[in-house]
Amino acid sequence: AQTVTQSQPEMSVQEAETVTLSCTYDTSESDYYLFWYKQPPSRQMILVIRQEAYKQQNATENRFSVNFQKAAKSFSLKISDSQLGDAAMYFCAFNGGATNKLIFGTGTLLAVQP
Amino acid sequence: EAQVTQNPRYLITVTGKKLTVTCSQNMNHEYMSWYRQDPGLGLRQIYYSMNVEVTDKGDVPEGYKVSRKEKRNFPLILESPSPNQTSLYFCASSHGTASYEQYFGPGTRLTVT
Chain E
2 AQTVTQSQPE MSVQEAETVT LSCTYDTSES DYYLFWYKQP PSRQMILVIR QEAYKQQNAT
62 ENRFSVNFQK AAKSFSLKIS DSQLGDAAMY FCAFNGGATN KLIFGTGTLL AVQP
Chain R
4 EAQVTQNPRY LITVTGKKLT VTCSQNMNHE YMSWYRQDPG LGLRQIYYSM NVEVTDKGDV
64 PEGYKVSRKE KRNFPLILES PSPNQTSLYF CASSHGTASY EQYFGPGTRL TVT
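First to last, the sequence lines map onto chains E and R. Per the numbering used here: the first sequence = residues 2 to 115. Per the numbering used here: the second sequence = residues 4 to 116.
Same shape as in the complex, but just chain E:
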């Protein structure tokens, strides 16, 4: 069975600094997709970034980038130039197989200090 692990329940970063959130996963599949979702206090789930496992190039979306290490089954999220609006819960998620099920980690609560 696939599992997703986020080992950092809480993180803190100073405004304008860079922070990295960690995620590891376990699967026997070779074709899958990885996601980072942001959940602000409004509780809305917002897709931040997506990575296809067959792509070696790390995905980037503006200030958000990932470090995808397929052999190590690691998928970390880097937020550059952190802003107050980045404060949220961040979930790492895995999707592979016919059921199209997202498997989530337990989340990392990110605080941004002014």
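If you are wondering where the hints come from, they were derived from the structure by calculation, not from laboratory data. Incorrect hints may have been included.
[To be verified] Covered stretches of chain R (in silico footprint by chain E; criterion: 3 or more residues with CB under 8 Å from a CB of chain E, positions within the stretch not fixed):
#	stretch
1	39-45
2	94-100
[Stated by the list, open to error] What the simulated footprint calls covered on chain R by chain E, stretch by stretch (three residues with Cβ under 8 Å from a Cβ of chain E suffice, anywhere in the stretch; the number is not a length):
#	stretch
3	49-61
4	103-111
For glycine and all other residues, C-beta sits at the position ideal for the given N, C-alpha and C.
Place chain R on chain E using the hints.
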């Protein structure tokens, strides 16, 4: 505007009183799913549907029912709610394969006393 809607957004009920949480999407997505979010556990899938009249259990289906009579709607039914079903519930939809983004509804906060 492309969206997934859920109703109600907040609900407080008592043990055993049947309730339905509605979910509707306007993107003509084949795939719909229900998740529950609990502190320290992340989101876990309850049920999913690959298309009309096609539903299957997710990881935590006990105590829940679903139906998919129309492509746009996917209601979640709790026939006899219990306090352990107090949670935050999300409906999600997407096109049918893992490569597509899943769009989430705004969430329904359910409290069962």
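Outcome, coverage of the stretch 39-45 of chain R by chain E - at least 3 residues whose beta-carbon is closer than 8 Å to one in that chain | Holds, because 3 residues of the stretch 39-45 of chain R bring their Cβ atoms closer than 8 Å to Cβ atoms of chain E.
Taking a Cβ-Cβ distance under 8 Å as contact, does the stretch 94-100 of chain R have three or more residues in contact with chain E?
-> holds (count 4)
Establish whether the coverage given for the stretch 103-111 of chain R by chain E is satisfied; the threshold is a Cβ-Cβ distance below 8 Å, and no fewer than three residues must meet it.
-> holds (count 5)
Within 8 Å of chain E (C-beta), three or more residues of the stretch 49-61 of chain R | holds (count 4)
Checked against the numbered hints above, the structure breaks none of them.
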